[in-house]
Amino acid sequence: MPKVALFVTCLSDTLFPSVGQATVELLEHLGCDVSFPFEQTCCGQPAYNSGYHEETKKVAKHMIETFEKADADYIVGPSGSCVMMMRDYPHLFKDDPVWKTRAEAHASKTFELTQFIVDILEVTDVGAKFPAKATYHASCHMTRLLGIEAAPGQLLRNVDGLTMLPLENVHNCCGFGGTFSVKMPDVSVQMVDEKVASILNSGADVLIGADASCLMNIGGRLHKQGHPIKVMHIAEVLNEGVKQT
Amino acid sequence: MNPGTITNREDFLNRIAKQLGRDVDLTPPKRVYKHRPQDEVLKDASEEELLETFRMVAMRIHTDVIECEANNLDDTLRLLIERYEGAAIIAEHDDRLRAWAPKTSQSFDWWDAERPDESRALAVKADIGITIADEALAESATIVQYAKPGKSRTISLLPQDHIAIVPKSVLVPRMTQAAKRLAELDRNGELASPNGVNFISGPSNSADIEMNLIVGVHGPVRVAYLLVHDL
Amino acid sequence: MSMGIRLDEKFQARRKDGIDNPFMRQAVSSAQNRLRDGRLNAAGELGDWEAFRDHSEEIRQHVLEHLDYYLYQLSENISKRGGNVFFAETPEEANRYIREVVRSKEAKHVVKSKSMVTEEIGLNEALHEEGCTVVESDLGEWILQLDNDPPSHIVAPALHKDRNAVHETFTAHGYFGTNDPTELGRYARRELRKDFLKAEVGITGCNFAIAESGAVGLVTNEGNGRMVTSLPNTVISVMGMERIVPSYEEFEVLVNMLCRSAVGQRLTSYITTFAGTKGAGEVDGPEEFHLVIVDNKRSGILGTQFQSVLQCIRCAACINVCPVYRHIGGHAYGSIYPGPIGAVLAPLLDGYENYKELPYASSLCGACTEACPVKIPLHELLIEHRRVIVEEKKQSPFVERIAMKGFAVTSSSPFLFEAAEQMAPFATSPFTKAGQIDKGLPAWTDSKDMPQPAKQTVRDWFKKRGNTQ
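As they're listed, the protein sequences go chains D, C and P. Each residue of the first sequence is one higher than the one before, starting from 1 at the first, in the numbering used here. Each residue of the second sequence is one higher than the one before, starting from 1 at the first, in the numbering used here. Each residue of the third sequence is one higher than the one before, starting from 1 at the first, in the numbering used here.
Bound-form chain D, shown alone (with noise of 0.2 Å):
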């Protein structure tokens, strides 16, 4: 039985706390060992992109440890978007041997949670139920910086009863960015307006997503506008109806 410590994510352990617990019942169900290391707090993206590099390698030094004492085999969070930042540490403390050395072993195995599921655990089905028509946003950090473009669709197309209808320019970014869209909200908005049009172009009644930064700023702004789209993490989707197994 693999031994995963989860990597919950500030987002969802605070403002959506059912992709969390979603995700945890999905790796136990799928025979994982999931352990909750609790000293664990952010990754330090926020102060990483706004270029706050020592205030970084604090956060980065916490985590590390935080996760070295979990000793577990594989590290696993529901987000590309943090799970990049923590993939990106050894390049934090090239300067540093000590670090960098245990920052790699702690970025080589960290993995985002589909990838997870494919590549590691090696199943596309995990048994899920979930009659709807959906769409589903690639985020930017987790398909083009991460890598991972297939695992998601991979795994939703075997959810039974759900449907995938394609979204337009899905390459597209949803406008986040983190302070990127407090930073600049003039422009951020645009683009969260143009990604918003696309999903009701798409006939979709639920928005999935893999990261849940971007579902709060286009499921922001689909709420605030008024727009009746269900918006869930793919961890929730991929849970429904294993939750009672």
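Some clues are possibly wrong.
Stated by the list, open to error - Here are the simulated PhoX-like pairs of lysine-lysine, each with C-alpha atoms no more than 25 Å apart in a straight line: (1) D/LYS58 - D/LYS69; (2) D/LYS230 - P/LYS16; (3) D/LYS94 - D/LYS69; (4) P/LYS405 - D/LYS100; (5) C/LYS148 - P/LYS80.
Honestly, the hints are just simulated from the structure, not real lab data.
With the hints as your guide, set chains C and P onto chain D.
Using the frame of chain D, we list chains C and P on its own:
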């Protein structure tokens, strides 16, 4: 030829070297590349496949390809000129052209190296400019013209239309082969590459107004490649 | 500095001008879609695009590592071919030299083909002071010149103008025809033909100089580059010092990448190389040739963490995929280099003072990095700029600095972090309606809602339930 001047070089290069953390180094660096994907493109294409690529891409870039054998080049060229309704024709000074098209070429003006101003004026007024390609690239339907003594670079540029005679024997897969030949000229001889090389792929065009394709902005409006199979 | 255009307005105001211009946004968005599709098709046709990117990157890196040698070799070979080479550290030096050449020829008419570096150094203004007419012969550049408008894109400079705007400009110039693009193009052809034939001096940019051959290479579609280099008796080419390749072999690779990445063509209509003055017996080509090699702060980038930006071949692929550019347009950047490449380059060439907001004009979506044919890690360089602004220039906003210090303290202390999580639902409750925060953080809540922090976090839930295995 008198060498030109070089000004301010030393300080300039010193500044670069200093930034790179060393002294100026004028030993030729070794060029060791890990990748050479350009050799793989159209690597195993047969001659017929290269011709087919050349034709297909020419069509895509709004360029006519007319094909003939050497023995009917004269008539084919005449028909093509008639189709383009060309009255004033300027041709590059090349004995091959007179030999290949003895009848049709009688009405041409020839670029006269002794009288460049008059020749240029003729080219500006000409309906059609006629040149012979030094090389042709299948992948991009490109013809290559080298600057040479007695030949103007502008016959393929100033007239309203351009007809290039392309002997099939000059066709190579892509720019890779043409570039290799040019590089070898400089490496083996002392700067033996031509003073000017034009890689021409179809008519002049622009997309500067609303991304609409405008064909014929400064250079030729129409371009035809007259592909001669047994030359 | 001439690079700065409309810097009297703040970046936020310039963004608003862009966002409030529906025509520009429609034009940019449809151009981006076409250029992106064109690039992807052209890349796909080439076969192993990633291997071509790797090769292009290694060529550019090699050149930068040995830039002193290749510039030496280039200048030697140009000199042997009868051309003069002038190395200019500053725009002023470059302009002064070019003015001297123009003056010595007693030239009154100068015709130019498209060149970003001459925009960068403000050459046209300098030549006007010399009393010359300077005509931009690229169709897009000519339209802008007639209208006294700066370029908004490095490949398609008049992207922000529609046919009606061009029609208006041409009509003011003396045109009587319709707004049909081909007809407009024919007018430009007739008018500019006169300029080509009358110019005593032609000025070009340089896509790539070829060191081993002493040649300058131009990549164009219109043919104006050929006109400028074969008709006037004197030709001056101006190049940024890094725009150089070792030989025709590397030239070919990068030209291929440039054409495909910039406009989705296998090759553009004209790839033109010219070397020095015309040879013995040649009937055209320049009698006098000058190459001006411009540093203008580029050397200061060498050897730094930003060196890879000098790999740039000015194809604009990054601009053509950038969602921020799509919505604000090129003028908002206030630099002749817009989009992601501009956001990286402008602060380096012209300092942080005017351009320190540009590195933040990105959601870090990485589309630029993915599109770049020479593998410049553009979004990482934007983050690096932010780091320099924060850690070296200490110019980040005070409130942000405090917040980030607080973030680091909180996020490296499990106790504080959990306390913050526990407090969040209560701290936010005054701004909450039906579980959604809908006010209180205007930059967010003016346009988007946000769920209220949960009373029970995942860690609370997990603590209660424990590991069920």
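Hint by hint, here is what the structure shows:
1. For the suggested pair D/LYS58 and D/LYS69, the alpha carbons sit about 17 Å apart, so the restraint of at most 25 Å is met.
2. Taking the CA atoms of D/LYS230 and P/LYS16, the gap is near 32 Å; set against the 25 Å cutoff, the hint is violated.
3. This hinted pair checks out: D/LYS94 and D/LYS69 have alpha carbons roughly 23 Å apart, not beyond 25 Å.
4. For the hint pairing P/LYS405 with D/LYS100, the CA-to-CA distance comes to about 23 Å; that is within 25 Å, so the pair holds.
5. Straight-line distance between C-alpha atoms of C/LYS148 and P/LYS80 comes to about 18 Å, which keeps the hinted pair within the 25 Å bound.
Going down the numbered hints, you'll see the structure goes against just number 2.
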